[in-house]
Structures are given as structure tokens and as C-alpha cells.
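Could you build all of it, start to finish, from the sequences and the hints given here?
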Amino acid sequence: MSPPLRQARGFTLTELVAVMVVAVIIAVFTVTVFDRRSFDAAGFADEVRAQLAYAQKVAVGARRIVTATVSGNTVALTMCTGFPVCGSTVPVASPQGESDFVRQAPGGVSIGPDAVLSFDPLGEPSAGALFTVSGGGSAHHVIVEAGTGYVH
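According to my numbering, the stretch in the sequence shown is residues 1 to 152, in order.
None of these hints come from the bench; they were simulated from the model. Ideal placement from N, C-alpha and C gives every residue a C-beta, glycine not left out.
Computed list of lysine to aspartate or glutamate pairs in DMTMM-like fashion (alpha-carbon distance at most 20 Å, straight line): (1) 57 - 145; (2) 57 - 124; (3) 57 - 47.
Restraint-style ranges between C-beta atoms, simulated for each label pair: (4) 99 - 139: 29 to 39 Å; (5) 102 - 18: 51 to 61 Å; (6) 150 - 114: 18 to 28 Å; (7) 127 - 102: 16 to 26 Å; (8) 83 - 148: 17 to 27 Å.
Listed below in C-alpha cells is the structure:
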């Protein structure tokens, strides 16, 4: 009498290879869809929109001219110390309590063109503006309307 055959447990080599191939295919598609720089670009565009809207609100609230300077992938806010004549400027404090409201684009993300945009005490901008935040193959626009200063 021959011994009874043991029932095999676990996976075959073919099954393991098939699962690994499927996992690699899913990972490749996931990495291309979720490129970190495109998320960083979208997030920075949202930060720039909020920063420019904040500049307008500070100008109205403080009854001073507030200037937003976009230069070298950095956005900075300053405020005139006097009105109607701007003798000197001071940094605008951020809503989080930082002494100056300066934001630097994350690595691989850029903003352009370099420009200086001022909001008067009524919240009206010196001119309309269009900034493009790009990174990871995506581009996001930040628009400041000329007449109203509406930021979108």
C-alpha cells in the first residue's frame, strides 16, 4: 500500500509571478498619474491665490498700499507705512503669525512672469495680472482682475 498523497499548500511559482507582474503594471500607472510635482504645482497655485486675496484684504483693512512681488519663484507681500505717499515699506505678517508673508515655490515648480502688483486702500489692483504656476507637466493660472482685484 502506498502512502497517501499530501495536499499541496501555498502558491505555485506561476501564480506568484503573475501577481508580481500585475502589481508592477499597477504601480507604473499609479506613478505616472500621481506625479508629485503636479500636486505641488496645484497646491502652490492655491497658496498664491490665497496670498494675493489676503494682500487685497490687508490693503483695505489697513488703509495702505500693499504690494505683492513675484520674483524668482517667490511671492512676497509688503505694505507702505504711509498714505498717500509711500515713504517706506514693511513686510506684511502672515495669517499664521510669521513676521513676513513670503512663499517659495516647491522644487520642480515655477511661477511666472516676474511682476509687481499693488493693491490700493480700496482694494483695487494697480493692473490686472496673470501668473502661471507650472510643474509636473501641469499648468495652473492665477488671475487678478484689473477692475475689481478679484483673485481666481
